[in-house]
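2 protein chains.
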Amino acid sequence: MRRTLKYVSLLAWLLMIVQTAAGQDRPSFSIGTDEAYDPSVVPAYAGDHQDVYSHIDGSIDQHIRALQRWMRQPSISAQNVGIHEMADMLRDDLRKIGFQESELVATGGHPGVWGYYDAGAERTLLVYMMYDVQPVNPEDWESPPFEAELVENELGRVIMARGATNQKGPERAFLNALESIIAVEGKLPLNVMIAAEGEEELGSPNYARIVDAYEDRMRKADGVLFPMSVQSPDGGTNMLLGVKGILYFEMEARGGPWGGPQTAEIHGSWKAVVDSPTLRLVQALASLTTADGNTIRVPAYYDGIRPPTEEEQQLINGAAAQRDERQARKAAGVERFIDDLEGRDAIVEMLYMPTLNINGIWSGYTGEGVKTILPHIATAKVDSRLPVGLDPDRALEKIRAHLDANGFADIVIRKLSGYPAAQTSVHSELAQAVISVYNKYSQELSIQPRIGGSAPFYQFTERLGLPLVPAGLGYGRGAHAPNEIYLVEPAPGVPIAGLAEIEKAYVDLLFALAGQ
Amino acid sequence: MRRTLKYVSLLAWLLMIVQTAAGQDRPSFSIGTDEAYDPSVVPAYAGDHQDVYSHIDGSIDQHIRALQRWMRQPSISAQNVGIHEMADMLRDDLRKIGFQESELVATGGHPGVWGYYDAGAERTLLVYMMYDVQPVNPEDWESPPFEAELVENELGRVIMARGATNQKGPERAFLNALESIIAVEGKLPLNVMIAAEGEEELGSPNYARIVDAYEDRMRKADGVLFPMSVQSPDGGTNMLLGVKGILYFEMEARGGPWGGPQTAEIHGSWKAVVDSPTLRLVQALASLTTADGNTIRVPAYYDGIRPPTEEEQQLINGAAAQRDERQARKAAGVERFIDDLEGRDAIVEMLYMPTLNINGIWSGYTGEGVKTILPHIATAKVDSRLPVGLDPDRALEKIRAHLDANGFADIVIRKLSGYPAAQTSVHSELAQAVISVYNKYSQELSIQPRIGGSAPFYQFTERLGLPLVPAGLGYGRGAHAPNEIYLVEPAPGVPIAGLAEIEKAYVDLLFALAGQ
Numbered sequence: 000m001r002r003t004l005k006y007v008s009l010l011a012w013l014l015m016i017v018q019t020a021a022g023q024d025r026p027s028f029s030i031g032t033d034e035a036y037d038p039s040v041v042p043a044y045a046g047d048h049q050d051v052y053s054h055i056d057g058s059i060d061q062h063i064r065a066l067q068r069w070m071r072q073p074s075i076s077a078q079n080v081g082i083h084e085m086a087d088m089l090r091d092d093l094r095k096i097g098f099q100e101s102e103l104v105a106t107g108g109h110p111g112v113w114g115y116y117d118a119g120a121e122r123t124l125l126v127y128m129m130y131d132v133q134p135v136n137p138e139d140w141e142s143p144p145f146e147a148e149l150v151e152n153e154l155g156r157v158i159m160a161r162g163a164t165n166q167k168g169p170e171r172a173f174l175n176a177l178e179s180i181i182a183v184e185g186k187l188p189l190n191v192m193i194a195a196e197g198e199e200e201l202g203s204p205n206y207a208r209i210v211d212a213y214e215d216r217m218r219k220a221d222g223v224l225f226p227m228s229v230q231s232p233d234g235g236t237n238m239l240l241g242v243k244g245i246l247y248f249e250m251e252a253r254g255g256p257w258g259g260p261q262t263a264e265i266h267g268s269w270k271a272v273v274d275s276p277t278l279r280l281v282q283a284l285a286s287l288t289t290a291d292g293n294t295i296r297v298p299a300y301y302d303g304i305r306p307p308t309e310e311e312q313q314l315i316n317g318a319a320a321q322r323d324e325r326q327a328r329k330a331a332g333v334e335r336f337i338d339d340l341e342g343r344d345a346i347v348e349m350l351y352m353p354t355l356n357i358n359g360i361w362s363g364y365t366g367e368g369v370k371t372i373l374p375h376i377a378t379a380k381v382d383s384r385l386p387v388g389l390d391p392d393r394a395l396e397k398i399r400a401h402l403d404a405n406g407f408a409d410i411v412i413r414k415l416s417g418y419p420a421a422q423t424s425v426h427s428e429l430a431q432a433v434i435s436v437y438n439k440y441s442q443e444l445s446i447q448p449r450i451g452g453s454a455p456f457y458q459f460t461e462r463l464g465l466p467l468v469p470a471g472l473g474y475g476r477g478a479h480a481p482n483e484i485y486l487v488e489p490a491p492g493v494p495i496a497g498l499a500e501i502e503k504a505y506v507d508l509l510f511a512l513a514g515q
Numbered sequence: 000m001r002r003t004l005k006y007v008s009l010l011a012w013l014l015m016i017v018q019t020a021a022g023q024d025r026p027s028f029s030i031g032t033d034e035a036y037d038p039s040v041v042p043a044y045a046g047d048h049q050d051v052y053s054h055i056d057g058s059i060d061q062h063i064r065a066l067q068r069w070m071r072q073p074s075i076s077a078q079n080v081g082i083h084e085m086a087d088m089l090r091d092d093l094r095k096i097g098f099q100e101s102e103l104v105a106t107g108g109h110p111g112v113w114g115y116y117d118a119g120a121e122r123t124l125l126v127y128m129m130y131d132v133q134p135v136n137p138e139d140w141e142s143p144p145f146e147a148e149l150v151e152n153e154l155g156r157v158i159m160a161r162g163a164t165n166q167k168g169p170e171r172a173f174l175n176a177l178e179s180i181i182a183v184e185g186k187l188p189l190n191v192m193i194a195a196e197g198e199e200e201l202g203s204p205n206y207a208r209i210v211d212a213y214e215d216r217m218r219k220a221d222g223v224l225f226p227m228s229v230q231s232p233d234g235g236t237n238m239l240l241g242v243k244g245i246l247y248f249e250m251e252a253r254g255g256p257w258g259g260p261q262t263a264e265i266h267g268s269w270k271a272v273v274d275s276p277t278l279r280l281v282q283a284l285a286s287l288t289t290a291d292g293n294t295i296r297v298p299a300y301y302d303g304i305r306p307p308t309e310e311e312q313q314l315i316n317g318a319a320a321q322r323d324e325r326q327a328r329k330a331a332g333v334e335r336f337i338d339d340l341e342g343r344d345a346i347v348e349m350l351y352m353p354t355l356n357i358n359g360i361w362s363g364y365t366g367e368g369v370k371t372i373l374p375h376i377a378t379a380k381v382d383s384r385l386p387v388g389l390d391p392d393r394a395l396e397k398i399r400a401h402l403d404a405n406g407f408a409d410i411v412i413r414k415l416s417g418y419p420a421a422q423t424s425v426h427s428e429l430a431q432a433v434i435s436v437y438n439k440y441s442q443e444l445s446i447q448p449r450i451g452g453s454a455p456f457y458q459f460t461e462r463l464g465l466p467l468v469p470a471g472l473g474y475g476r477g478a479h480a481p482n483e484i485y486l487v488e489p490a491p492g493v494p495i496a497g498l499a500e501i502e503k504a505y506v507d508l509l510f511a512l513a514g515q
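Chains as they are written, first to last, in numbering that gives the first Met the number 0: chain D, 0 to 515; chain E, 0 to 515.
There could be a bad hint or two in this list.
No copy is singled out in the list; a pair is fine if it fits within one copy or between any two copies.
Unchecked claim - In silico SDA-like links for lysine to any residue, alpha-carbon gap of 25 Å or less:
| hint | residue 1 | residue 2 |
| --- | --- | --- |
| 1 | K219 | R462 |
| 2 | K186 | A490 |
| 3 | K397 | A290 |
| 4 | K329 | G107 |
| 5 | K397 | D291 |
| 6 | K329 | D409 |
| 7 | K219 | Q515 |
| 8 | K414 | G366 |
| 9 | K414 | D390 |
| 10 | K329 | E396 |
| 11 | K329 | S231 |
| 12 | K186 | G514 |
| 13 | K397 | G368 |
| 14 | K329 | A263 |
| 15 | K329 | Q261 |
| 16 | K186 | Y36 |
| 17 | K414 | G368 |
| 18 | K329 | G255 |
| 19 | K414 | E367 |
Treat the hints as calculated values from the structure; they're not laboratory data.
Kindly produce the complete structure, drawing on both the sequences and the hints.
Structure follows, in structure tokens:
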């Protein structure tokens, strides 16, 4: 009897090891309907604002220069380059446009910018903006990232600059639209609040402070717009109703009482008897994923993800029907997606799975040739994109617990930012108004429940209960990468909106939201 | 019956997984004797060369300046900084000293330097030298690495410079000794060949070319000396009879047909559906070792290591008896060695185990703050120190096969250098002469069969069949690290040889080898 018991527990133990070695799979969400949400049932916006459109056409060179002026002002939040100059530029521009209120907002970090345009109207649109950009490696760029030169490419005339599409181009285009309405009509058809931050690329660590400062007033808004370029090179328009959350942290291994060189690199031959912090970091990072790097092995990490709702399933079906696989791979810059995913599987994976990604890693000698050292410190920048249902603080706790349980208690984690996902319903008034405008300008509208990227929209959707839609015609690419561009004048035959049409669509959206 | 078979094979499979998960252990070599080699049985060198010693004492300021002149000439082989200037300086110095032959040697890489001093003597000493140094991070240094300033520390007056102890200080001290003998005696007591390279820190990829060019003449030598500072801070002298080999390579993961971003970094949110080359490299590196980073999991990697011979076991026993654990940890800059090793276990681990070490790793964004990208390329510099019996090319084949077998065929390996270990017997005439000189100057002599570091001595020991001993009194530290120093004038009570005594011991060694 005892022998049997012993044997059973040995087998259980062996099976446990197998289970641990295999790790858990990513959850698989099935789409239970073939019905697709059809945005063409929403009537195209019927308003006509010819005088404003003409004003835009007549001012387009000046409007392009306004975009360039913003892009030529570096505003790299991670390196604190040009941040205050850019905040001042935004504040001053709002004043010139006619915002009665226009001021910097102290946040403890880079300042926010608040603007309020009182049209004496019933309805109020809140506009979220970011005025910061990602860092650059200038040597990787075909045209200098802060010269914002007009460059001809296969699509037409583009501005090449850091921030071109993420996010200065669409934002300044939106302001050009406001200017044009005021120039022609004397005032805007609805009140506009602008609440901009200079730390989006840092993970928006202080955006809550901006909402704190104006919360009572923001609650009076009817919805939140984030100006964005959402067209594909083929002219299709992609509507986005949500974002993933994010957890961003540094992991560091450093020699100390546990072992390893304590204060500086030592000769590499010591490795025979000295622990390597670099190998420890590599082992700790490797323990977080399967060998292909694509499934997170942190226990319970996939627990709590909210599967696609009925509404979202219909949106996924609609998006999948319009998806061009070649185009999708090209947009990502890859020859294949993981597991050769395509169609709705790829969409569900992108929008409903958390990620574990190494943004950067460094240790020791990284120059040319041979240097034989045992470094005393190694660091990685890691982020995890979080679908609805995964909280960043819980995610961090699970990672910490996993590292501790696997003997990596010495690995230090420094959290740099974290916020949850956000979601808006396609049936909200704001979303319906956006669709009506897209239906006026664009042939093919594809709606996704959310994107794989992150923005602190939860401040509006979860905290204030407001619908939020990132919206705007136009095309850009290269966000967070070299050679970022924003299309301002499409070549003949290219079915994408240029700057003038982008601005006209914003004009229409403002009137549509005002019920005019 | 079939059921039983099935069950047995399931259990076998489970056990195999357990075995794989546990990995192989490092071999353990037992020392089968308590006998220790006793160098004090070798009579101290009895010759007396007062006139030469006096000449050294009278010229010591000039001799220090000769060291500083060498150290102030940067010669960073990895970055091709100052290499040709340093080669010229060495060649010219040999001429001035009186070498009849003194010339640069084309190698395909950085030039070698050959010198021959014909004393018309029976015996010939071949001297291996390296004139290159490791790269530096100047901001880590207390005194600029190429100013070679005299600095006072707890040991006395030291020169702080890159190359101070590795290897310009000891080498130029040896030449000072030659100069002094010639100044007093008119000529050296034996013929001296010098065969210097400028690529030791690159793994000596072309040293064979230098040996090729002078092989017939080198074979006439009676032994090979490598000038080195081998004293400990407590004055003990450490004699070294061999070196490990080395394999140094880069491992790189890059997006391509297998997956991942193809040409540049992309937005980090793509990770949900895109492979990460950085995670791939991390997983590949992690697969090479156990989770603690201290045991190599490449199959058969430990096969073929030659265990300590009877002679080496006696040397290990002698070294262990004299070992100061606190001092050993301090020398490494650590609070503890792996597995809290000490005594002869630590010595055997250091000298008989191969290492797997990450000298550097880099990918993606490594600056301040948050940047959310999925990098398209990740690189690591890896080295493996090889005890006698492990060939660098076989080691590389095993690593490649292991990566391929574990799904990492896409990981590129670029070999940067590789050569095997080298070993000399303590009973060789050269080693016995060195011991006799140490016994004259030093209270406590500790002999190790080899060191954990690497040098291309196999060219002499394996190829030419010559004994080789790295030898010289004196103390230095910080090789391959910041704040490298070489002690030139010990403080009162510090039992280490200063520059004058270092040179006098070299004088004695030359006469001892000449049988005088």
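TODO: Check each numbered hint against the structure and report the violated ones by number, ascending.
DONE: 2, 4, 10, 16
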